[in-house]
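Next come the chains, spelled out residue by residue.
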Amino acid sequence: MSVSGTLVAVTDGKLPLRAKVATSVSRTAAALSRAAGRGDGSVIGGWIGLKIDPDLLRNLAAGRAIALVSGTNGKTTTTRFAAAALGVLGPVATNSFGANMPTGHTSALAKAGATPFAVLEVDEHYLARVIEETHPRVVALLNLSRDQLDRAKEVAMMAQMWRTALAAHPDVHVVANADDPMVVWSAVNTGQVTWFSAGQRWTDDSWVCPECGSPINRAQGDWWCTGCPLRRPQAQWTVEDDGVLDPRGDWHLVKLQLPGHVNLGNAATALAVAAEFGVRPIEAVPRLASVASVAGRYAQVDRDGRNIRLLLAKNPASWLEAFDMAEVAPTLLSINARDPDGFDTSWLYDVDFSPLRGRPVLITGDRAYDLAVRLEVNEVPFRHVKTFDEAIRATPPGRLEVIANYTAFQDIRAELDRVN
Amino acid sequence: MSESTLRIVWIYPDLLSTYGDRGNMLILARRAALRGIPVETYSIRSDQAMPATADIYLIGGGEDGPQALAAQRLIADGGLHRAVAQGAAVLAVCAGYQLFGASFFAKGAQCAGLDLLDIRSDRGETRAVGEVRGDIDPRLGLPPLTGFENHGGRTHLGPGVAPLARVTAGIGNDGQTEGAWHGKILGTYAHGPALARNPAIADLLLRWAIGADSLAPLDDTWADRLRGERLAAAGAA
Ligand SMILES: [Zn+2]
Numbered sequence: 001m002s003v004s005g006t007l008v009a010v011t012d013g014k015l016p017l018r019a020k021v022a023t024s025v026s027r028t029a030a031a032l033s034r035a036a037g038r039g040d041g042s043v044i045g046g047w048i049g050l051k052i053d054p055d056l057l058r059n060l061a062a063g064r065a066i067a068l069v070s071g072t073n074g075k076t077t078t079t080r081f082a083a084a085a086l087g088v089l090g091p092v093a094t095n096s097f098g099a100n101m102p103t104g105h106t107s108a109l110a111k112a113g114a115t116p117f118a119v120l121e122v123d124e125h126y127l128a129r130v131i132e133e134t135h136p137r138v139v140a141l142l143n144l145s146r147d148q149l150d151r152a153k154e155v156a157m158m159a160q161m162w163r164t165a166l167a168a169h170p171d172v173h174v175v176a177n178a179d180d181p182m183v184v185w186s187a188v189n190t191g192q193v194t195w196f197s198a199g200q201r202w203t204d205d206s207w208v209c210p211e212c213g214s215p216i217n218r219a220q221g222d223w224w225c226t227g228c229p230l231r232r233p234q235a236q237w238t239v240e241d242d243g244v245l246d247p248r249g250d251w252h253l254v255k256l257q258l259p260g261h262v263n264l265g266n267a268a269t270a271l272a273v274a275a276e277f278g279v280r281p282i283e284a285v286p287r288l289a290s291v292a293s294v295a296g297r298y299a300q301v302d303r304d305g306r307n308i309r310l311l312l313a314k315n316p317a318s319w320l321e322a323f324d325m326a327e328v329a330p331t332l333l334s335i336n337a338r339d340p341d342g343f344d345t346s347w348l349y350d351v352d353f354s355p356l357r358g359r360p361v362l363i364t365g366d367r368a369y370d371l372a373v374r375l376e377v378n379e380v381p382f383r384h385v386k387t388f389d390e391a392i393r394a395t396p397p398g399r400l401e402v403i404a405n406y407t408a409f410q411d412i413r414a415e416l417d418r419v420n
Numbered sequence: 001m002s003e004s005t006l007r008i009v010w011i012y013p014d015l016l017s018t019y020g021d022r023g024n025m026l027i028l029a030r031r032a033a034l035r036g037i038p039v040e041t042y043s044i045r046s047d048q049a050m051p052a053t054a055d056i057y058l059i060g061g062g063e064d065g066p067q068a069l070a071a072q073r074l075i076a077d078g079g080l081h082r083a084v085a086q087g088a089a090v091l092a093v094c095a096g097y098q099l100f101g102a103s104f105f106a107k108g109a110q111c112a113g114l115d116l117l118d119i120r121s122d123r124g125e126t127r128a129v130g131e132v133r134g135d136i137d138p139r140l141g142l143p144p145l146t147g148f149e150n151h152g153g154r155t156h157l158g159p160g161v162a163p164l165a166r167v168t169a170g171i172g173n174d175g176q177t178e179g180a181w182h183g184k185i186l187g188t189y190a191h192g193p194a195l196a197r198n199p200a201i202a203d204l205l206l207r208w209a210i211g212a213d214s215l216a217p218l219d220d221t222w223a224d225r226l227r228g229e230r231l232a233a234a235g236a237a
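Chains as they are written, first to last, in the UniProt record's numbering: chain A, 1 to 420; chain B, 1 to 237.
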């Protein structure tokens, strides 16, 4: 099913005048923001543009074939993979800096100019609004788990918001994770769903059925509600060994530069999304292999004989994935609790740090003491360092894995000269 | 399990475990083990019977729906009431603290609580979110309380309980007092989790449970640093 030929190409000439002015101002502001060193310009331009034309996102989206990617974890990487895969068909607009709210989408589309395709990462709170404004062809739903306890909505409430949004748009094709009961419940009543299975390491937010409140049972990758018919649907796309099984039963070896089982799952999701646009896995797989890092995540930097790799872990589910990705090597953990991280560090006790036993562990960050107490209880020996430089000096030459939460990650990235 | 083993129960982790409250169980178990006290921990799900013979019971924070459900099930089960009557020690946090009282508000309605603490909770004008700090009741002989609070409720104390602490930063029950205690039951709004930030409270629960006046000291270098940092941060806020 290839659609690129039937698309009406978006050009700036077809935008309403107000949108044209807004687009131009938005691009200028983004350029100024970058030039002034105030960031990558991925938010400020969209913010100014939307002030001038509140319908700017709607106008910029019109005529493009769009995929949205949402979920608690993996959306930046999956968006990057899906954009790479859709590149087979033509130019793709995407918010590749992870600016995943409507201002970021507006900036991304304005900056890209006329493209037949767009793949947009969407903050899970904004999914309903962005579906409304961009009329996507495909929405990919990855997972839902606890994140930022002091602010975010509870997981069941988020699933309900998704369910309502999707029910209002039966024309949208949903690509959803069969292994996450919350995701399945949010998508199961919509018109068209393609299910993928990428496994789910974190299950502590789906013990109770969102439909009926009964316990959910799990065994050998399967799950089912003990009180109602909700159960794991048959997946059409499945991670198997080091590859992906497609709906026709063909298995594709997927060699990635990004580490971990979780990224194989993200790749499977991207292949399923791309297939909805008519891209065959055989065309898409080589493009996934070209992705080396995503907004600094997984980036490897050589410094003073150390090969430093950066892993972002924002919430309990992504910490578990990071431990899986990290090599058995000296590991620096860094925790902050600033506004974007959430102020409550209690979640540290939702994560089992025991996989780190046997590796030299260093800790740093604003909230290193919370981490210290947590690691002591978990019987993981550690050393506290005050700076990133001290961490490097404390590590022998070779691999240094760095696992950090959001602002701690940005701090370290800045120290490494904003690696990309 | 033998009579000489300390038994710790975590109540309904499937309903009330939103704020890392598992940490309270991990810390109690570790502090007991470091002193050579044999310890067993039990996570009792809401579809299981609540044992009445454990020594320490822990209950944590959660959202309105699960909180109301937990109260109903605990009342119907009766095991926790029997345990308290037999002198078990309890640490109840946030939603778990509220449901130990006579009544609490969840999903816009008043719900019956376990009536094990003489408190009742209703809704506040604003949500209390941030660092909380207080001077603990001198009769307990503990250093200041530190925690992170995140709740919409306000709790009113009756004559049958004493405030756990006088608030010096944050909101707690009502901006004046924080938490409550009676017998061997402690209630608090403090997450962090509470016992990670307040190891002296963990040791108080252990002393109550084993009937000891004192315990061998532990190396609390990191916990003390964490406490110093958090107590100062609450003062600055
Ligand atoms: Zn059910």
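What the hints contain is simulated information worked out from the structure, not anything from laboratory work. Since the model is a prediction, treat every value here as computed from it, not as a measurement. Ideal Cβ placement from N, Cα and C applies to all residues, glycine included. Incorrect hints may appear among the rest.
Listed next, with one range per pair, are the computed distances between beta-carbon atoms [claimed, not checked]:
1) Q110(B) <-> R129(A): 47 to 55 Å
2) V328(A) <-> D213(B): 26 to 34 Å
3) A394(A) <-> G183(B): 16 to 24 Å
4) G191(A) <-> T53(B): 31 to 39 Å
5) E390(A) <-> R45(B): 22 to 30 Å
6) W224(A) <-> E125(B): 38 to 46 Å
7) G183(B) <-> Q234(A): 51 to 59 Å
8) G191(A) <-> S103(B): 42 to 50 Å
9) A168(A) <-> G87(B): 50 to 58 Å
10) Q72(B) <-> T203(A): 46 to 54 Å
Derived coverage of chain A by chain B (criterion: at least 3 residues anywhere in the stretch with Cβ under 8 Å from a Cβ of chain B; other residues may be distant) [unchecked claim]:
11) 206–215
12) 280–294
Far from chain A, by Cβ distances over 10 Å, these chain B residues were calculated [what the hints assert, rightly or not]:
13) G23
14) R82
15) C111
16) D122
17) L142
18) P193
Under the constraints set out in the numbered hints, which ones does this structure not fulfil?
The structure conflicts with hints 1, 2, 3, 4, 5, 10, 12, 13 and 18, although it agrees with all the remaining ones.
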